[in-house]
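K.L.:
Sequence:
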Amino acid sequence: MYEMTKKLRVGDDVKALIPQAVIAGLWDRLKAMRKEKLLIDSTMAVMFSDDYEDDKIFFMTLQKSGSFNNEYEMAYDGPKNFLGHGTIVIIKDRPKTIQMSISAANKQADEDSEDNADKPSDSETTD
Numbered sequence: 001m002y003e004m005t006k007k008l009r010v011g012d013d014v015k016a017l018i019p020q021a022v023i024a025g026l027w028d029r030l031k032a033m034r035k036e037k038l039l040i041d042s043t044m045a046v047m048f049s050d051d052y053e054d055d056k057i058f059f060m061t062l063q064k065s066g067s068f069n070n071e072y073e074m075a076y077d078g079p080k081n082f083l084g085h086g087t088i089v090i091i092k093d094r095p096k097t098i099q100m101s102i103s104a105a106n107k108q109a110d111e112d113s114e115d116n117a118d119k120p121s122d123s124e125t126t127d
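Quick note, the sequence shown lines up with residues 1 to 127 if you use full-length UniProt numbering.
I should point out that these hints are in silico values taken from the structure, not numbers from a laboratory. Please note: incorrect hints may appear among the correct ones.
[What the hints assert, rightly or not] Pairs of lysine-lysine, DSS-like flavour, derived with a Cα cap of 25 Å: (1) Lys64 <-> Lys107; (2) Lys107 <-> Lys15; (3) Lys56 <-> Lys15; (4) Lys56 <-> Lys6; (5) Lys64 <-> Lys80; (6) Lys96 <-> Lys37; (7) Lys15 <-> Lys96; (8) Lys6 <-> Lys92.
[As the list claims (entries may be wrong)] If you anchor each label on the Cβ, the simulated ranges turn out as follows: (9) Arg94 <-> Lys64: 15 to 23 Å; (10) Asp54 <-> Lys92: 27 to 35 Å; (11) Lys35 <-> Asp112: 17 to 25 Å; (12) Ile40 <-> Ala75: 34 to 42 Å; (13) Asp112 <-> Glu3: 30 to 38 Å.
Beta carbons: idealized from backbone N, C-alpha and C, even for Gly.
Please put together the full structure from these sequences, using the hints given.
P.N.:
The structure is reproduced here in structure tokens:
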């Protein structure tokens, strides 16, 4: 599982939200987890903490529906504006690739917020 010789694919949705240095750090963490024999499921979620320091960010990996989780820190001194939005990155081990994408829950939340942006607010509909 998670043979690092497979093609590593990053979805355009991830590239649009997450800085390249953080994406590279997630791949490095995945490689380390494989060496440490901590990969037990073909799907892993990565959740970013809202907390950060000038030179590091924090995140958690979840496997087996969250029953197996680990917290990590990553050296990173770039912009932090991608944090604080509840973004969840999903990493899936597929037969020929390892794929990184944004979770369906995040995509649904974005669609819901776009739908609500098109609707008039209560104050706009009252006479």
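K.L.:
To test your reading of the hints: which numbers does this structure violate?
P.N.:
Going through the list in order, the structure violates hints 4, 5, 11, 12 and respects the others.
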